[in-house]
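Using the sequences and the hints given, assemble the complete structure.
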Amino acid sequence: MAGLHKSDIKNPVLNWIDTRMPVFTMMEKEYGSFPTPKNFNYFWNFGALAMVTLAIMIVTGIFLAMNYTPNTEMAFDSVQRIMRDVNYGWLIRYVHQNGASMFFIVVYVHIFRGLYYGSYKAPRELLWIIGVALLLAMMATAFMGYVLPWGQMSYWGATVITNLFSAIPLVGTDIVQWLWGGFSVSNPTLNRFFSLHYLMPFVIVGLVFLHVVALHITGSNNPLGIDVKSPQDTLPFHPYYTVKDSVGLCVFLAIFAAIVFFAPNMLGDPNNFIPANPLQTPADIVPEWYFLPFYAILRSVPNKLGGVAMMFGSIAVLFVLPWLDTSRVRSARFRPIYRPLVFVLVAAVVVLGMVGAHRPEGIWVVLGRVATTYYFLHFLVILPALGILEKPLPLPESISNPVLPRRGGGGGPLPGGVPAAPMEKP
Amino acid sequence: MAELAAAGTGGHHGAHGGDGRRDFLRLITASGAVIGVGAIAWPLIDSMNPSKDVLALSSVETDLTPIELGSGITVVWRGKPIFVRHRTEKEIKEAEDVQMSQLIEPQPDSERVKAGHAQWIVLIGICTHLGCVPLGNKPTDPRGEWGGWFCPCHGSQYDTSGRVRHGPAPLNLYIPPYAFESNTKIKIG
Ligand code: HEM
Ligand code: FES
Numbered sequence: 090m091a092g093l094h095k096s097d098i099k100n101p102v103l104n105w106i107d108t109r110m111p112v113f114t115m116m117e118k119e120y121g122s123f124p125t126p127k128n129f130n131y132f133w134n135f136g137a138l139a140m141v142t143l144a145i146m147i148v149t150g151i152f153l154a155m156n157y158t159p160n161t162e163m164a165f166d167s168v169q170r171i172m173r174d175v176n177y178g179w180l181i182r183y184v185h186q187n188g189a190s191m192f193f194i195v196v197y198v199h200i201f202r203g204l205y206y207g208s209y210k211a212p213r214e215l216l217w218i219i220g221v222a223l224l225l226a227m228m229a230t231a232f233m234g235y236v237l238p239w240g241q242m243s244y245w246g247a248t249v250i251t252n253l254f255s256a257i258p259l260v261g262t263d264i265v266q267w268l269w270g271g272f273s274v275s276n277p278t279l280n281r282f283f284s285l286h287y288l289m290p291f292v293i294v295g296l297v298f299l300h301v302v303a304l305h306i307t308g309s310n311n312p313l314g315i316d317v318k319s320p321q322d323t324l325p326f327h328p329y330y331t332v333k334d335s336v337g338l339c340v341f342l343a344i345f346a347a348i349v350f351f352a353p354n355m356l357g358d359p360n361n362f363i364p365a366n367p368l369q370t371p372a373d374i375v376p377e378w379y380f381l382p383f384y385a386i387l388r389s390v391p392n393k394l395g396g397v398a399m400m401f402g403s404i405a406v407l408f409v410l411p412w413l414d415t416s417r418v419r420s421a422r423f424r425p426i427y428r429p430l431v432f433v434l435v436a437a438v439v440v441l442g443m444v445g446a447h448r449p450e451g452i453w454v455v456l457g458r459v460a461t462t463y464y465f466l467h468f469l470v471i472l473p474a475l476g477i478l479e480k481p482l483p484l485p486e487s488i489s490n491p492v493l494p495r496r497g498g499g500g501g502p503l504p505g506g507v508p509a510a511p512m513e514k515p
Numbered sequence: 028m029a030e031l032a033a034a035g036t037g038g039h040h041g042a043h044g045g046d047g048r049r050d051f052l053r054l055i056t057a058s059g060a061v062i063g064v065g066a067i068a069w070p071l072i073d074s075m076n077p078s079k080d081v082l083a084l085s086s087v088e089t090d091l092t093p094i095e096l097g098s099g100i101t102v103v104w105r106g107k108p109i110f111v112r113h114r115t116e117k118e119i120k121e122a123e124d125v126q127m128s129q130l131i132e133p134q135p136d137s138e139r140v141k142a143g144h145a146q147w148i149v150l151i152g153i154c155t156h157l158g159c160v161p162l163g164n165k166p167t168d169p170r171g172e173w174g175g176w177f178c179p180c181h182g183s184q185y186d187t188s189g190r191v192r193h194g195p196a197p198l199n200l201y202i203p204p205y206a207f208e209s210n211t212k213i214k215i216g
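Taken in order, these protein sequences are the chains called A and B. For this note's numbering, add 89 to where a residue sits in the first sequence, where the first one is 1. For this note's numbering, add 27 to where a residue sits in the second sequence, where the first one is 1.
Worth flagging that the hints you see were computed from the coordinates, not collected in a lab. Careful, some of the hints might be misleading.
[As the list claims (entries may be wrong)] Listing some non-contacts, in silico: residues in chain B with all C-beta distances to chain A over 10 Å:
1) R48
2) T92
3) V103
4) R105
5) K107
6) S128
7) E132
8) W147
9) Y205
[Claimed, not checked] Computed, partial: chain B to chain A, Cβ under 7 Å:
10) P77
11) G106
12) C180
13) P197
All residues carry an ideal CB built from backbone N, CA and C; glycine is no exception.
Shown next, in the form of structure tokens:
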């Protein structure tokens with residue numbers, strides 16, 4: 090009797106369950122009536138897209154694992170068998186392979202949204218930190234997954250990346266041999282990577298859960314970056330945002346399907362069609378596109394330990410970003426200096442991505458160093474200074490009553506100055 | 028758990044020196060737990076280290092007669108490429124005459140070959156930067172400015188003694204344990 094829940098659910102069976110375990114009430118509260126700022130633009134789709142992609146990766150991965158053999162003698166052939174002999178194996182693998190790329194595209198846009206609209210600022214610091222942890226977990230998962238098909242790029246990518254840890258003074262070599270379970274990337278390495286590649290996505294699911302818990306405590310940020318002041322500023326999540334997310338999801342899935350069916354190898358490296366050969370390094374070792382900017386930072390520093398430290402540092406700065414940005418104004422719309430600089434940051438990261446895809450020679454070395462420098466300057470010097478130097482534009486009074494005329498582009502908040510009442514249908 | 032139990036009774040309860048004793052108990056319990064967790068974690072962590080069959084020092088014997096002057100071969104030892112190169116008089120001289128001050132990791136050539144066998148250099152063929160296999164065994168390979176080996180990954184260069192002459196690699200190529208069984212045969216490992 091102590092804690093029985095008083096359920097509002099009409100259906101008697103669901104009501105019986107809900108009374109004893111109020112999961113339906115919880116779903117209704119968190120995803121049904123959940124009050125959500127009413128001025129979201131399509132950037133707010135990307136969290137939901139990431140969740141769907143995660144589910145797609147887990148489902149396709151589980152079915153791949155039914156036919157995959159984690160042994161250096163058989164891995165490459167087992168993947169070829171998936172592609173040629175297993176019914177729809179090609180489809181499952183192409184969805185999984187390109188799904189990893191789609192996942193990173195979605196998450197990078199999601200992160201950009203956070204940077205542009207200041208979603209990392211108080212009170213959402215922890216939410217942001219969990220997000221950065223998610224990025225790291227995704228990177229580890231994708232890296233280990235890429236090793237599994239045991240092609241040349243799998244092998245040499247694994248060699249170069251695991252060797253990063255040999256830069257650690259004193260214990261570096263021991264750590265690397267521990268990671269390998271041998272004296273080079275070899276069968277024990279492949280076995281453990283498979284085990285961990287299966288595990289990590291479920292760790293990611295756990296982190297996503299915490300991410301959403303934190304989100305539902307603070308509530309969502311919005312394109313104006315100002316707090317929700319009254320119920321008039323919000324809409325119930327369902328049906329308004331379930332529908333808006335569905336629109337984005339349809340577009341996303343259409344693009345995803347187009348890649349899977351018409352250009353499934355567009356993002357892959359031809360070297361991975363060659364079985365791993367521990368005695369021959371391919372002429373150019375390039376990671377998957379989503380790691381290129383970080384790889385470029387690694388190579389831009391002409392010192393082994395320094396390069397590794399800067400590469401990890403580029404993610405570490407994201408963890409402390411909420412405290413590096415001293416401005417109290419969230420949305421870049423009201424920050425005249427910050428706004429162009431976010432785009433400079435994006436340009437720097439894109440340049441780094443291009444640098445990472447080329448041999449470190451000539452102009453690419455210079456570009457890599459300039460872009461690396463800007464990346465760190467942006468976070469470590471410009472953001473702390475801007476909070477003091479920049480004069481923000483006047484903020485709107487509330488979401489439902491923006492005092493400012495709409496600016497062109499940038500996905501405006503609402504029909505300007507429409508009174509809130511007509512929007513207030515439950 | 029110990030924390031909770033102790034917090035429940037409250038620090039102020041323990042009269043006359045009870046606090047000290049409680050702290051001590053807490054410390055003992057916590058260290059016991061840490062040791063226990065460590066004892067459970069270690070076997071798991073250590074299981075990931077190279078296993079006995081991997082460690083079992085396999086050795087390989089290599090016949091040197093087919094290796095032509097000025098070129099090298101790659102043999103596999105413990106899953107790693109081992110370079111065995113037959114150096115020319117000129118290459119030996121270049122390797123011996125270098126001034127130590129010009130080297131990134133100074134080491135005389137004499138310490139890197141076996142006495143009386145200066146024409147043979149035996150190296151682990153793994154770049155000390157991030158582990159690629161450098162090119163240069165075949166005379167037609169790119170060998171870099173110092174005539175030894177060139178790493179295609181990030182451009183490190185090694186001389187004819189396998190010493191790093193141009194970064195980003197920080198160290199010379201390693202030398203595996205090996206011995207001459209006869210003038211034309213070595214045993215690696
Ligand atoms: C966070 C979600 C995941 C990401 C980002 C991810 C990423 C990747 C990547 C990049 C590859 C290499 C694809 C290729 O080049 O062929 C791969 C392969 C693989 N993954 Fe995943 N994966 C995820 C979840 C899973 C799950 C849950 C499983 C279930 C066991 C799984 C099983 C496999 C298997 C068996 C392969 C090897 C076959 C192949 O290469 O296509 N993955 N994964
Ligand atoms: S691995 Fe040889 S230069 Fe980087």
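- Item | Non-conforming hints, listed in increasing numerical order | 3, 4, 5
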